[in-house]
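Trainee: Sequence:
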Amino acid sequence: MRGSWCRSPLTRVLRAGHAAAHAPGCTPSAWGGQGPRAKAAYNTRRYEPPQRQSMQFAQEFGDARYRIRGYDQASVTVNDTVYRQSLWLSPDELHADWPVREVAALGEAAFQPLIEAGPEVVVVGTGARCVPPRPEWLRYFAGRGIGVEFMDTPAACRTFNVLMAEGRRVVCALIVAPPA
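If you want the numbering used here, it's the 1-based position in the sequence shown plus 572.
Since the hints were made in silico from the structure, they are not lab data. We put the beta carbon where it would ideally sit given N, CA and C, even for glycine. Any given hint could turn out to be false.
[As the list claims (entries may be wrong)] Distance windows between CB atoms, simulated:
| id | residue 1 | residue 2 | range |
| --- | --- | --- | --- |
| 1 | E688 | L710 | 18 to 28 Å |
| 2 | R711 | N651 | 30 to 40 Å |
| 3 | R641 | G739 | 11 to 21 Å |
| 4 | P707 | R641 | 27 to 37 Å |
| 5 | A700 | A668 | 28 to 38 Å |
| 6 | Q645 | G717 | 31 to 41 Å |
| 7 | R711 | D652 | 33 to 43 Å |
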């Protein structure tokens, strides 16, 4: 037998009536009326999203002749040319004949042409995965006062574009592995 002694908050709200089921400030009058028809009319109004301001982004690359426009597992696109071999570039130079095909081939001989370009930072893309640099590679660059970062090739492409847009003297060396 149910009596008025029931302590369930839901039961008390249901017994108190429809208006008590709403929080203060959220009564049926919020949708323009007191009954279910007013609520149905309110719920069927067409949603109109707020008007948005359009904004165009433009990235300045200054007078750079070369910039990386795309990359995938087996190629890098510089300007409008697709390269499927390892290369190195700066904002003013592009060398698609870099002989490095894998991280094991990195060393002083591979780094020498990068140093001759006179960078303040060298970004090395090591392929699909980031390979940590050997201590002797870090010493090689530190001894010449040049910063160096090793990262996967997609991250190196993005980093090169950002540093170039900032006006930094950056060289990017990218190992592009041929498809297996």
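Trainee: When you take the CB atoms of R641 and G739, is the distance between them in 11 to 21 Å?
Mentor: For R641 and G739 the Cβ distance comes to about 19 Å; the hint holds.
Trainee: Holds or violated: 28 to 38 Å for the Cβ distance of A700 and A668?
Mentor: At 20 Å between Cβs, range violated.
Trainee: Is it true that P707 and R641 lie within 27 to 37 Å of each other by Cβ?
Mentor: Given about 35 Å between the Cβ atoms, the range holds.
Trainee: Do Q645 and G717 keep their Cβ atoms within the hinted range of 31 to 41 Å?
Mentor: holds, 34 Å
Trainee: Regarding E688 and L710, is the given constraint of 18 to 28 Å on their beta-carbon distance met?
Mentor: Distance hint for E688, L710 holds at roughly 19 Å.
Trainee: Mind checking the hinted window 33 to 43 Å against the Cβ distance between R711 and D652?
Mentor: Distance hint for R711, D652 holds at roughly 38 Å.
Trainee: Cβ-Cβ distance between R711 and N651: within 30 to 40 Å?
Mentor: Holds, at about 34 Å.
In terms of the numbered hints stated before, the structure departs from hint 5 and from no other.
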